[in-house]
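Read off the chains here:
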Amino acid sequence: MRSRLVVIGCCLLLSASVAMQTNTFRQASYFPPTSYNFDENPLTDAKVALGRILFYDPILSADSTISCASCHSSYNAFSHTDHKLSHGIRGEIGTRNAPALFNLAWKESFMWDGAIHQLDVQALAPINNVIEMDMSTADLVSRLQKSAFYRKLFFQAFNDSVITGQHLLQALGAFQVTLISDHSKYDSVQLGTAQFTEQEAAGYQLFKQYCNSCHTEPLFTNEGFANNGLAPDPQLHDAGRYRITGNPSDSLKFAIPSLRNLSYTYPYMHDGRFAQLRQVLDHYTSEKYFSATLDPSLNHAFPLSSNDKVDMIAFLLTLDDKQFVFNKAYQFPPELLPNSKTR
Amino acid sequence: MIPYLFTLLSLLPAKPEKLSYGTITFNATMQGEPMQLHTMYATGHGNDSVSLSTCKFYIVDIVLLDGSKVVGEPELKYILIDLSDSSSLNIPFVYKGHFNGIRFTLGVDSATNMSGPKAGALDPVNGMYWTWQSGYINAKIEGIRTGCDTAREFLYHIGGYHAPDQTALVTYRICKTSEKINVTLDMERFFSTVTCDMDATVQIPGAKAHALAAYMSASFVINQ
Numbered sequence: 347m348r349s350r351l352v353v354i355g356c357c358l359l360l361s362a363s364v365a366m367q368t369n370t371f372r373q374a375s376y377f378p379p380t381s382y383n384f385d386e387n388p389l390t391d392a393k394v395a396l397g398r399i400l401f402y403d404p405i406l407s408a409d410s411t412i413s414c415a416s417c418h419s420s421y422n423a424f425s426h427t428d429h430k431l432s433h434g435i436r437g438e439i440g441t442r443n444a445p446a447l448f449n450l451a452w453k454e455s456f457m458w459d460g461a462i463h464q465l466d467v468q469a470l471a472p473i474n475n476v477i478e479m480d481m482s483t484a485d486l487v488s489r490l491q492k493s494a495f496y497r498k499l500f501f502q503a504f505n506d507s508v509i510t511g512q513h514l515l516q517a518l519g520a521f522q523v524t525l526i527s528d529h530s531k532y533d534s535v536q537l538g539t540a541q542f543t544e545q546e547a548a549g550y551q552l553f554k555q556y557c558n559s560c561h562t563e564p565l566f567t568n569e570g571f572a573n574n575g576l577a578p579d580p581q582l583h584d585a586g587r588y589r590i591t592g593n594p595s596d597s598l599k600f601a602i603p604s605l606r607n608l609s610y611t612y613p614y615m616h617d618g619r620f621a622q623l624r625q626v627l628d629h630y631t632s633e634k635y636f637s638a639t640l641d642p643s644l645n646h647a648f649p650l651s652s653n654d655k656v657d658m659i660a661f662l663l664t665l666d667d668k669q670f671v672f673n674k675a676y677q678f679p680p681e682l683l684p685n686s687k688t689r
Numbered sequence: 117m118i119p120y121l122f123t124l125l126s127l128l129p130a131k132p133e134k135l136s137y138g139t140i141t142f143n144a145t146m147q148g149e150p151m152q153l154h155t156m157y158a159t160g161h162g163n164d165s166v167s168l169s170t171c172k173f174y175i176v177d178i179v180l181l182d183g184s185k186v187v188g189e190p191e192l193k194y195i196l197i198d199l200s201d202s203s204s205l206n207i208p209f210v211y212k213g214h215f216n217g218i219r220f221t222l223g224v225d226s227a228t229n230m231s232g233p234k235a236g237a238l239d240p241v242n243g244m245y246w247t248w249q250s251g252y253i254n255a256k257i258e259g260i261r262t263g264c265d266t267a268r269e270f271l272y273h274i275g276g277y278h279a280p281d282q283t284a285l286v287t288y289r290i291c292k293t294s295e296k297i298n299v300t301l302d303m304e305r306f307f308s309t310v311t312c313d314m315d316a317t318v319q320i321p322g323a324k325a326h327a328l329a330a331y332m333s334a335s336f337v338i339n340q
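Chains as they are written, first to last, in the numbering used here: chain B, 347 to 689; chain D, 117 to 340.
If we strip away everything but chain B, and leave its shape as in the complex, we get (with noise of 0.2 angstroms):
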């Protein structure tokens, strides 16, 4: 009976620490239901493995330099540290700062402006974009076509080898919401295998007290729209979701974004304004830019200390999920190196 156990045990942690290298959906039980549709592309291993080869692949783009994860990186938690704004396809800038990737199943809406409603349909975006990867969805489907490599991980993912438009975004859309942030230390502060320190928890009162309203937990976000105060760039003139809804009243909006992974998706903000947090934090406890859509809840600025500030840096660090960026299943896989036997 016990060595039963044991041996039931040992494959309990086997099939754990397998689970870690391949990518498979996954729900903690305090994160809320999701808002992904998994009936109308259900996950699949083959399917999620072509997405994942898909998105570091830069046969995606006109010239075949630039992939998702030029501008998504994995080990910038899959956004880009070194430009404020996106660098594409023959060098050029685009307006927004690439944003980082991960807990995308709860996402209802993408994009800083709320654009696209659809995580499957979202990467039409990126892969049409004459300043991105400059490609037509067509060509592109006519390109990948005439690759055995890709027929047959087609034919293996959706026992199809006519490569589809369709087929082409559901294989991104199943890799993307395999990418899931949820091994931070808050994380296992939440299943209590861990505790924050007194300066983390100390933090943790003034988030709740000051952030938790837009940047709700346990994601970070509550999925909204807000004008946080900052100045508009008088060269991008980015009016946010405004673009979208027409609507006067959503001016300056922009999507809330999720805190976790702070450290690793600098610069920050919808345009990439501020390279480090204590700036972020600076802007909080300062007067804001003031308009009629500003956020009531920050007409004041926030009082707090430099001893707060230095708090709140340390609970928000306590978001940071190592495992999570450095998770070799995320990362460019082997199949496509030059001398891979599958290619």
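Since the hints were derived computationally from the structure, they do not count as laboratory data.
Nothing here was measured: the structure is a model prediction, and the numbers come from that model.
In this text, a Cβ means the ideal position worked out from N, Cα and C, and glycines have one as well.
Heads up, some of the hints might be wrong.
What the hints assert, rightly or not - Derived DSS-like pairs: lysine-lysine, alpha-carbon spacing no greater than 27 angstroms straight-line:
id	chain 1	residue 1	chain 2	residue 2
1	D	K234	B	K498
2	D	K212	D	K134
3	D	K234	B	K492
Unchecked claim - Okay, the calculated beta carbon distance ranges per label pair:
id	chain 1	residue 1	chain 2	residue 2	range
4	D	G236	B	A494	18 to 28 angstroms
5	B	T380	D	A158	53 to 63 angstroms
6	D	D201	B	P578	40 to 50 angstroms
7	B	Y376	D	I260	57 to 67 angstroms
8	B	D628	D	H154	54 to 64 angstroms
9	D	R219	B	S534	56 to 66 angstroms
10	B	H583	D	M314	50 to 60 angstroms
11	D	N206	B	T380	35 to 45 angstroms
12	B	P684	D	P280	50 to 60 angstroms
13	B	F384	D	S200	36 to 46 angstroms
14	B	K498	D	Q147	47 to 57 angstroms
15	B	H583	D	A330	48 to 58 angstroms
16	B	Y376	D	D201	50 to 60 angstroms
Using the hints, position chain D against chain B.
Here is chain D on its own, set in the frame of chain B:
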């Protein structure tokens, strides 16, 4: 195919009636003349002429009606009509008995707009899905027009599924029972409402797209 036939058959009286087969053919005309792409046609208004480079639109849920009763329909729910692809213009359908009307929606329903990528006519490879935001382009009408102050390109990408600017509009026309139905997009009518002082470019959802969808829907004529 099976589910459609099934609903169709279940609507019919118990006494088996013979199924008949027909074809709906779409085309675009200017002053009665069928339009080819990249060819100038006078609109009949002053010296105004129009040449189309793209004319593509979704026709969804076509049904043939006897009063309010559905008596016929094609195999597919979503059909992409593309003037540059003659094979897309003929839609076979089955019907029972008689019909006196035809109804279809010009564009894709909002539930489909809200969900993930689709196959077939709805696959984004067809270039009828916006890329910078989510949603189908229900119709693309592009070309050159000479009669305005200056010759100009026009570019109408008509779509949007949020109230009050929905662009998927239900279109109904009287139609006699026949195995051949010609549904004509009357461009003379369209360009007499879409005048030179209106925008030459509409590529986003909104009131203008909604108005264009209404003009387009009103420009369908049944020729029998």
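Status of the hints after comparison with the structure:
1. D:K234 - B:K498: 21 angstroms, holds
2. D:K212 - D:K134: 6 angstroms, holds
3. D:K234 - B:K492: Roughly 22 angstroms between the alpha carbons, so the hint for D:K234 and B:K492 holds.
4. D:G236 - B:A494: 18 to 28 angstroms: Given about 25 angstroms between the Cβ atoms, the range holds.
5. B:T380 - D:A158: 53 to 63 angstroms: Given a distance of about 57 angstroms, which is inside 53 to 63 angstroms, the answer is holds.
6. D:D201 - B:P578: 40 to 50 angstroms: Once the Cβ atoms are compared, 45 angstroms apart, the range 40 to 50 angstroms for B:P578 and D:D201 holds.
7. B:Y376 - D:I260: 57 to 67 angstroms: With Cβ atoms ~60 angstroms apart, the hint holds.
8. B:D628 - D:H154: 54 to 64 angstroms: Given about 59 angstroms between the Cβ atoms, the range holds.
9. D:R219 - B:S534: 56 to 66 angstroms: Roughly 60 angstroms apart at Cβ, these two residues keep to the hinted range, so it holds.
10. B:H583 - D:M314: 50 to 60 angstroms: 26 angstroms, violated
11. D:N206 - B:T380: 35 to 45 angstroms: 43 angstroms, holds
12. B:P684 - D:P280: 50 to 60 angstroms: 55 angstroms, holds
13. B:F384 - D:S200: 36 to 46 angstroms: 38 angstroms, holds
14. B:K498 - D:Q147: 47 to 57 angstroms: 54 angstroms, holds
15. B:H583 - D:A330: 48 to 58 angstroms: 32 angstroms, violated
16. B:Y376 - D:D201: 50 to 60 angstroms: Holds - the Cβ-Cβ distance for B:Y376 and D:D201, about 53 angstroms, lies within 50 to 60 angstroms.
Going down the numbered hints, you'll see the structure goes against 10, 15, while the others check out.
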